[in-house]
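**Q** Residue numbers (the working numbering), protein chains in the order written: chain X, 2 to 710; chain L, 2 to 710.
By construction, these hints were calculated from the structure, which means they are not laboratory data. Note that CB positions come from ideal geometry on N, CA and C, so glycine has one too. Honestly, I wouldn't trust all of these hints.
To be verified - Beta-carbon label-pair distances, calculated as ranges:
1) L:Ala334 / X:Gly38: 51 to 57 angstroms
2) L:Ala341 / X:Trp454: 52 to 58 angstroms
3) X:Glu520 / L:Arg688: 46 to 52 angstroms
4) X:Gly648 / L:Glu636: 29 to 35 angstroms
5) L:Val546 / X:Asp534: 37 to 43 angstroms
6) L:Ala341 / X:Gly125: 42 to 48 angstroms
7) X:Gly38 / L:Met152: 37 to 43 angstroms
8) X:Ala516 / L:Asp540: 39 to 45 angstroms
Chain by chain, the residues run as shown.
There are 2 protein chains.
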Amino acid sequence: MITLDKIFKPKSIAVIGATPKRGTIGHQLLQNILHFGFNGMLFPVNPNYQYVNSIKCYPSVLSIPDPVDLAIIVVRKELVAHVADQCGEKGVGGLVILSAGFKEVGGEGIKREEEIVQLQKRYGFRIIGPNCMGISNSDPNVRLNGTFAPMEPGDGSLAFMTQSGALGVAILLAVQKRNLGISHFVSVGNKVDVGGDDLLEYWGNDPRVRVMGLYLESFGDPRRFTELSKKITRHKPVIVVKSGRTAAGSRAASSHTGQLAGLDIAVDALLRQCGVIRVSTLEEMMDLVLALNKNPLPKGGRVCILTNAGGPAIMATDAAVSEGLTMASLSDATCDRLGAFLPEEASLNNPVDMIASAGPDEYGKSLEVILEDDGVDIVLIVFVPPMLVEPREVMKKVAEARIKHNKPVYAVLMAEDRYYDEIPRRFDNAPPMYRFPESAVRAIASVNRYRQWCERPTGTVTTFASGDASVENIVHRQQQAGGGYLPPWDVNRVLGAYGFPVCKCEYVPKGEGVASAAEKVGFPMVLKAQGKDIIHKSDLGGVIVDIRNKKTLREAKAKMDKNLKAAGVWDRVDGFLIQEMAKPGKEVILGMTMDEKFGPLLMFGMGGTYVEVLKDITFRVMPVTDVDAHEMVREIRSYPLLEGVRGDERVDIEFIEESIQRLAQLVNDLPDITELDMNPVVITPDRAKCRVVDGRIRVAAPKANTNES
Amino acid sequence: MITLDKIFKPKSIAVIGATPKRGTIGHQLLQNILHFGFNGMLFPVNPNYQYVNSIKCYPSVLSIPDPVDLAIIVVRKELVAHVADQCGEKGVGGLVILSAGFKEVGGEGIKREEEIVQLQKRYGFRIIGPNCMGISNSDPNVRLNGTFAPMEPGDGSLAFMTQSGALGVAILLAVQKRNLGISHFVSVGNKVDVGGDDLLEYWGNDPRVRVMGLYLESFGDPRRFTELSKKITRHKPVIVVKSGRTAAGSRAASSHTGQLAGLDIAVDALLRQCGVIRVSTLEEMMDLVLALNKNPLPKGGRVCILTNAGGPAIMATDAAVSEGLTMASLSDATCDRLGAFLPEEASLNNPVDMIASAGPDEYGKSLEVILEDDGVDIVLIVFVPPMLVEPREVMKKVAEARIKHNKPVYAVLMAEDRYYDEIPRRFDNAPPMYRFPESAVRAIASVNRYRQWCERPTGTVTTFASGDASVENIVHRQQQAGGGYLPPWDVNRVLGAYGFPVCKCEYVPKGEGVASAAEKVGFPMVLKAQGKDIIHKSDLGGVIVDIRNKKTLREAKAKMDKNLKAAGVWDRVDGFLIQEMAKPGKEVILGMTMDEKFGPLLMFGMGGTYVEVLKDITFRVMPVTDVDAHEMVREIRSYPLLEGVRGDERVDIEFIEESIQRLAQLVNDLPDITELDMNPVVITPDRAKCRVVDGRIRVAAPKANTNES
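Modelling step: build the complete structure from the supplied sequences, incorporating the hints.
**A** As structure tokens, this is what we get:
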């Protein structure tokens with residue numbers, strides 16, 4: 002496959018559809034390329050002109066005498082395929098198609114897009130678009146602004162991809178406003194070829210790119226995204242704004258796990274497992290890019306606030322604590338050193354309030370002292386300019402003071418707009434500056450969570466010995482029979498094969514006596530009616546628990562028969578299950594639901610009302626490592642119940658972690674299972690007494706036209 | 002008391018400490034007053050000059066020949082008291098003291114502030130400050146800019162009070178940036194006299210004020226604030242940024258309710274009960290002021306989004322749904338009318354996506370059609386300017402289209418900064434404009450919640466017949482004995498007097514037989530050890546439940562004696578309680594903890610692990626109305642458990658609501674109770690079977706130097 006270098010580092014560009022008409026995309030695009038100073042040859046292509054912008058214009062790409070690496074196409078939608086065909090013939094390496102009127106408009110547009118796809122397959126060139134606003138690369142060896150946006154992308158280390166062309170301008174505006182610069186900008190449009198994954202990979206290998214920002218509306222291939230981003234995020238932060246959060250998941254599912262897993266849960270789980278930072282808004286993303294741009298990562302989460310005013314420092318403290326940062330404790334030595342030069346009225350505890358009289362010197366000296374304190378990982382400067390104190394001078398001293406220390410410093414400057422422009426331009430080491438304490442702290446907290454991700458062990462996927470390879474056949478047989486729920490004995494065999502402690506269970510067909518089955522299971526036991534169409538058994542009187550001897554078993558059986566007859570379901574009863582009664586313990590739920598796009602979603606939560614009413618659950622996509630399992634158990638709100646409250650004994654939490662990993666192995670081995678619930682699993686302090694009380698497994702219907710067995 | 006008019010509508014002002022020296026507060030202040038065009042007489046006062054800024058300067062306020070309404074004082078801290086004394090002698094009505102160096106610096110400063118307080122008492126003038134940045138009033142009849150901020154307050158309908166002087170400039174900047182204007186600005190400083198409550202009252206009565214904004218660090222008198230703001234918010238929105246959210250509450254309390262009620266819970270409860278809109282940041286406040294400024298309140302929460310681009314419309318939809326707004330369903334007629342002129346590719350469902358080709362006419366016509374749909378309460382315009390379409394023209398058509406309709410219209414404009422400045426100035430009816438979908442939607446949602454507050458019934462405080470006036474004596478007696486927990490029988494008498502269904506209970510001193518007491522209570526019953534220092538009874542084996550007959554009672558008693566002896570606490574046992582055993586049901590907790598500043602905080606939540614682990618609880622300050630009680634029950638996450646899940650019967654929820662109101666009456670009648678817990682209260686479907694199973698009441702220690710009985 003041709004490398005994306007042909008698109009991002011072309012030696013020559015053809016602008017097909019270039020025109021001297023002002024106010025057209027073809028004109029603006031050419032202007033942008035010229036104005037940004039492209040390091041290479043530029044060939045306008047348009048049969049109607051001999052020259053455009055004083056540059057010789059060619060009637061078609063085929064008539065250009067030199068080789069062409071990149072063609073940017075802005076012709077009418079009807080002509081795009083024809084032009085692309087010529088590009089193929091010419092041997093062009095990359096196409097950026099700005100023209101709209103393809104899949105996004107439906108109907109004829111879909112056909113037009115299919116033609117492009119075919120041409121891509123035939124010639125092998127790479128395509129960005131169609132229906133996009135272009136690309137840029139600020140590499141000094143390239144200097145390509147191939148967009149029709151009315152502003153320049155600047156020069157910086159943020160690579161940005163947007164799925165919405167319309168947001169492109171807003172993004173470039175936001176970047177410009179914060180004095181950030183962009184290394185690459187790509188509006189991917191309809192993504193007939195190049196998508197987010199390709200860009201992640203390409204940018205991951207480009208040393209000019211320090212931070213990646215993605216605006217996503219959908220995922221191309223979640224598994225590839227997972228694989229790529231897990232590696233990349235360990236050394237480069239990836240920030241995502243993903244919209245479509247509340248779109249009601251269309252999955253029609255009958256299992257608990259399925260009902261509880263909304264579309265966005267998969268996205269959230271995936272991004273978290275990949276160390277991708279998810280933000281809600283573009284504004285938040287820009288605040289975060291600013292924070293990452295000018296600072297090293299912190300070594301820890303202990304923040305010290307240095308201020309000349311109480312109010313905003315309180316706001317910053319509030320925000321820091323609620324975002325999960327720690328307020329640093331300054332050492333006595335630090336306080337003594339600060340006290341030596343700060344006025345008596347100053348507060349030497351964190352937040353260090355130097356009071357309104359503090360000028361550039363106080364800021365510079367205090368910052369140095371604080372940065373030398375080993376108990377401080379991060380410093381947040383708050384500066385409200387009083388009269389006669391010049392923000393420039395204060396920030397100059399701050400920039401000087403921090404240069405010797407490899408610790409992140411951020412600033413909240415509550416001043417006129419012009420300073421946000423001027424200060425970063427004048428002082429290279431000026432800290433990232435924010436207008437409000439809350440936005441600064443939110444960015445700091447995100448950076449800190451990213452640091453935790455980088456420090457987190459990668460974890461391993463454990464493989465447990467599977468006891469019974471024949472369970473594959475069970476699933477296969479069910480699928481051949483049209484799919485659907487496995488009968489309880491098969492559920493137990495599948496779960497048992499993966500080491501789950503299922504309750505001992507015997508099946509007795511209707512009409513036969515239950516005594517011998519009861520002997521095998523032992524007391525106490527549970528009696529359950531069994532029949533394909535019998536649901537809500539409990540409501541029908543079809544479940545009787547805690548049967549302690551033969552006599553009560555006989556009575557229970559008689560009562561249940563009566564119940565089922567009274568409920569009018571006797572004809573649908575096939576038989577009865579006699580099941581071992583689990584010891585009391587904490588009930589949890591483990592489950593899996595198959596997402597068409599994201600693959601299996603694993604769920605863990607507390608059982609009973611915790612899962613049903615409070616939705617106290619958590620999800621993961623595959624693969625699930627030991628570290629993931631460890632974190633899952635601890636991130637539900639009711640986790641303290643497992644540790645034991647009110648004198649309760651701690652249950653075997655490690656058993657839960659292992660079970661999550663066993664479940665991951667099961668769903669990985671048996672991909673035709675589409676839903677699985679173990680609800681409840683009773684967890685006790687003693688691993689030997691833990692039991693899966695009830696399990697449900699649903700198998701997919703046979704696929705049409707498939708070779709899979 | 003002198004009215005605040007002397008401060009806000011003075012006919013003459015003395016600036017004491019006026020000086021021609023540039024770069025001083027005394028100079029900037031005088032410049033600001035002159036530049037804003039004060040409608041009245043201005044007298045500089047300074048013994049060192051004969052004139053300042055070409056205006057005759059007086060050596061002291063006493064030498065001014067005319068009456069002086071307002072003195073703004075910027076002299077050295079040591080001179081403030083002397084100058085204030087002269088103001089009193091002169092008969093000045095109001096003082097604004099900018100000078101710092103008072104209570105905020107401690108030590109001598111506290112004494113200096115006390116002097117000012119004494120002078121205020123002697124002369125009765127009103128004071129703002131000291132240690133503040135001044136006041137403003139943009140009323141055309143007044144035109145007073147009595148601040149030393151480097152920018153003008155503009156003219157508008159927002160009255161703003163800040164407790165932090167340092168934030169004053171940031172606030173004025175933020176207001177200016179959004180083209181908002183201010184009616185009044187007050188930096189209250191140390192609040193020796195005028196505080197937030199006075200300003201709320203004053204502004205509540207000023208028809209020029211449409212919205213009030215407060216930046217608070219602490220509450221003066223929460224009860225007065227409650228009273229005032231409850232009335233005002235019904236016709237004028239009050240928006241508060243309250244900092245100090247995470248300050249660890251210093252209350253040392255042993256009750257559940259006390260431990261669960263952090264400092265901020267009181268603030269949150271109070272603000273919500275008063276209809277005050279609490280926001281997290283100044284930015285959010287400004288977005289909200291903008292939203293309120295240019296629009297009527299909506300009639301409902303159904304939003305329609307009108308856009309020319311998919312991406313930002315998805316972001317807006319996401320935000321709207323997660324903020325609790327409803328996406329409006331457009332009528333067929335509306336869709337037909339839109340379809341008649343919009344291109345085929347447009348999406349006529351909400352969000353209405355007119356695609357990128359939409360220009361001013363499409364925006365104008367579509368907006369008119371949508372505003373005429375009765376199913377739409379609010380319209381959010383999203384406009385991403387494509388090439389050749391001028392944002393001004395689009396917003397002009399939008400402004401024209403909305404004029405005929407009394408429905409709120411908001412806009413997200415993703416364009417260069419200059420348009421945010423220019424459009425509102427050119428078109429009076431331009432909608433409030435935001436840069437990002439999320440900030441627009443957040444503001445819309447806040448306005449919608451405010452509308453719900455205005456429509457919410459005020460509710461009534463119910464008074465129940467109290468059965469036993471002598472309970473006052475019980476509390477009094479305990480207080481005289483040094484305060485502390487009431488014994489169980491007294492708890493039952495107090496609760497019983499207020500109509501709570503306490504469990505039947507008999508006390509048996511150690512050594513006496515339990516048989517006759519058991520007869521009075523009846524089976525099943527609970528046996529509990531009783532002794533002042535015996536806590537964690539259950540752990541010691543001091544609680545045995547579900548005793549069903551005389552024989553098991555005898556056995557239980559023997560076993561408990563053994564347990565208590567084995568635990569080594571036998572000597573501390575005073576006797577035994579025999580208590581009626583409650584029927585099974587849902588356990589809830591009702592409680593109260595006394596906040597020194599906010600008064601009683603009432604709590605409701607689900608009992609057991611729900612309260613302990615999940616903190617699924619809610620609080621109210623007094624007074625608590627029937628509407629409050631109704632809302633409290635419904636706002637806990639586990640409310641569905643009370644309605645009945647998995648076939649459970651609905652419990653008597655109205656009984657809980659009544660109990661909350663009874664509790665409110667109890668704590669109102671018996672103010673010396675500092676903590677009260679009913680945990681658990683068992684609630685069943687049948688009101689007659691509901692029971693308070695365990696109650697604790699703590700009485701305050703006697704107050705020193707008090708006449709209260």
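**Q** Which numbered hints does this structure break?
**A** Structure breaks no hint.
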